[in-house]
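Engineer: Between the sequences and the hints, there should be enough to build the whole structure, so can you do that?
Residue numbers (the numbering used here), protein chains in the order written: chain X, 1 to 409; chain H, 410 to 818.
It should be emphasised that the hints constitute simulated quantities derived from the structure, not laboratory data.
Because the structure is a prediction, the values reported are computed rather than measured.
There could be a bad hint or two in this list.
[As the list claims (entries may be wrong)] Each computed EDC-like pair below joins lysine to aspartate or glutamate, with the alpha-carbon atoms no more than 16 Å apart: (1) X/Lys221 - X/Glu56; (2) H/Lys429 - X/Glu56; (3) H/Lys510 - H/Asp524; (4) X/Lys20 - H/Glu465; (5) X/Lys209 - X/Asp176; (6) X/Lys385 - X/Asp338.
[What the hints assert, rightly or not] Partial pick of chain H residues on the chain X-facing surface, computed with a CB cut under 7 Å: (7) Val425; (8) Ile460; (9) Glu465; (10) Pro470; (11) Gln484; (12) Val485; (13) Ala491; (14) Ala493; (15) Leu497; (16) Gln508; (17) Leu512; (18) Asp514; (19) Gly552.
[As the list claims (entries may be wrong)] The following label-pair restraints were derived from C-beta to C-beta distances: (20) X/Asn142 - H/Arg437: 25 to 33 Å; (21) X/Ile325 - H/Asp583: 34 to 42 Å; (22) X/Asn142 - H/Arg440: 22 to 30 Å; (23) X/Ser106 - H/Arg440: 23 to 31 Å; (24) H/Arg458 - X/Ile373: 35 to 43 Å; (25) H/Arg458 - X/Gly89: 24 to 32 Å.
Even glycine gets a Cβ: it sits at the ideal position worked out from N, Cα and C.
2 protein chains.
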Amino acid sequence: MGCIVQKFGGTSVGSVERIKHVAARVARVWREGHRVAVIVSAMAGETNRLINLVHEISPAPNEREVDVIVSTGEQVSIGLLAVALEELGVPAESCLGFQIKVLTDSMYSKARIVDIKPSYLQNILDRGKVAVVAGFQGVDENGNVTTLGRGGSDLSAVAVAAALGADVCEIFTDVDGVYTTDPNVCANARKLERISYEEMLEMASLGAKVLQARSVEFAMKNDVAIHVLSSFSEGSGTYVVKEEPSMEKVLVTSVAYKKDEAKISLRRVPDRPGVAAKIFNPLANAEIVVDMIIQNMSQEGVTDLTFTVAKADLRRAIEILKPTIEELEVPEILTDEDIAKVSIIGVGMKTHAGVAAKMFQVLYDEGINIAMISTSEIKISCIIKSKYTELAVRALHDAFDLGEEEGKS
Amino acid sequence: MGCIVQKFGGTSVGSVERIKHVAARVARVWREGHRVAVIVSAMAGETNRLINLVHEISPAPNEREVDVIVSTGEQVSIGLLAVALEELGVPAESCLGFQIKVLTDSMYSKARIVDIKPSYLQNILDRGKVAVVAGFQGVDENGNVTTLGRGGSDLSAVAVAAALGADVCEIFTDVDGVYTTDPNVCANARKLERISYEEMLEMASLGAKVLQARSVEFAMKNDVAIHVLSSFSEGSGTYVVKEEPSMEKVLVTSVAYKKDEAKISLRRVPDRPGVAAKIFNPLANAEIVVDMIIQNMSQEGVTDLTFTVAKADLRRAIEILKPTIEELEVPEILTDEDIAKVSIIGVGMKTHAGVAAKMFQVLYDEGINIAMISTSEIKISCIIKSKYTELAVRALHDAFDLGEEEGKS
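Structural biologist: Here it is in structure tokens:
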């Protein structure tokens, strides 16, 4: 008899029927004798409905109040799920952020979890009940309601699992696990049985949408085993766990891609100390994340500087760069939104040479030009023209033997 | 510069437009330099929407969870109103039941307020902000969310006013004050300028819908002056205050009526000690409120017993009475849903004789038969046939000179 934490997202609790379905699923695990805590998101669409209401009143609403408003979505979900569980004869009790309490800092709309005391939840589990926990929400030390931002409910689930020392944190989503690549691009993409935190982290930041990076980070730091599986079908999904020796035998685990970045090139930038800081500091202050940066070899005291930002930030970035550009007398700014980032990921890379070379060769063989390259110990990313994305993903997926064997699936 | 508590009901905050309207109204008072706390209800329709969701899952949901769910309605309202106030340049901060904290007992869905500490609210007001308080909700001593039941937001407002020692508790409704009777029945009904707590209490329990009895009770015990006024128009409404000597000069203040009761008559009940207890205890245990009770003179050891209950409880009351009826061998039960209760109210009655006699005479003159009578120090109620309700109300309103003088309104 273990302790199991389960998390169901907004789609999984998107209607009364689905909430009943989730209740049945939770009931089954509870009836097997496990201690169960369930984390739920707001019903699909509810958070947007609430945000639209606020924006009808103010284009730039007070963030403290936005958190008070949007956190009600999860509050409704936990109440409904607790009622649905009791309807099945399973004793259940809903828990809000302030009750547990999920202590966060005071960064409204993107708060960080500081601490969760296990005692409130333990007490519910000790009484034989299922604890139904509101995801996404917490309170700061003054009792103000906070929310955790994007993917916040996953983070809540991992944090609750850590606090309870749960055996596993099951994240139910609309896919049935983590794949070697996007099955919409490669028909023979294969579901991974196990994957390391490090690989999952890279995949999350490189475009795989199944888990947010900070939930994985939190799980890694606190040694919480995550199990990603489908809320709409049965069967096992993908375990995200500590790196195991066997994992290094596989060179590449997956291929990821991302189309939401844009490239900015500054031509003939003076090549002297402090120039890079002058360019990137204002962007950082405006909270614009710069991803890849390339600086060419200097010639005649000037150099070309190329970097990528989120497409959504492109216009704002250009505005912010303008004064610096004028001051530095940079003659030309080029932008390109028509790009994609294709990446291969695998902990095995650390101990094997030649993986990068093979990736470049594969892209070259397909006639795909590489505009930028960035690497870490366990991933290699290339910026290419957007239209080649699927071609590149399929070629890499095949070249590194990631696909389902024929006649096997 | 005073301290003013304002309460806006669900209709007053029923849309984004109306919330903006309320914000403008609150802003005006705040700009005059007053300390302001505002209590709001859920947006009209929201509580019913949430209750319907719950009932799709369970016909008899856990009441703790229902409170968790329905209390979100007020949480959304306070966030939106705080945002609307800030949009007008008025600093505001929303407050939830657990934050303030509004300590209640643990009777979910109909909790009683035990205590409100003023410090949390005082702190907000001291910082020059408007405190926007969620009505209807509290927490018990274990931090469980509770709701106060019908008219709960009025009660929240009065309790906050008491805690803050406010100069006045303004209750904004869809009517512009308390009238001598229902203006839909008597075209010349007059708005009262002042009325005593005691009269308001009787009026509330006798059918006037403007304020719930328990809010008035709380105000009376804690000496909170209530001002009932319209959220849709300007101008003064009705003050509900401590009885003043001048009030006794008026014999009758108002005429009330109620059509939601039903009459049960038990014929030939054995007239011996303990029989009444045997009949009424099971009803009390089922939380069925018995209003008026009449027992006829005993003849040959048997008597007739007649009493009224809420129409909604009639079927259930009959079911509950059945075993007792059989045990006591009562030969006949009669029920009548076709009744109304008409009442006259006034603190002046206490010191004047003949008011009851005049009421009976007025009804007699209109050919209206009186089925039951009940009196207190400051009210007289008669049960009559439902179809005579309006006739009776108009006749009494005229006979006691309650109407607007002609050419004056």
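Engineer: Need the list of violated hint numbers for this structure, in ascending order.
Structural biologist: 1, 8, 15, 17, 18, 21, 24
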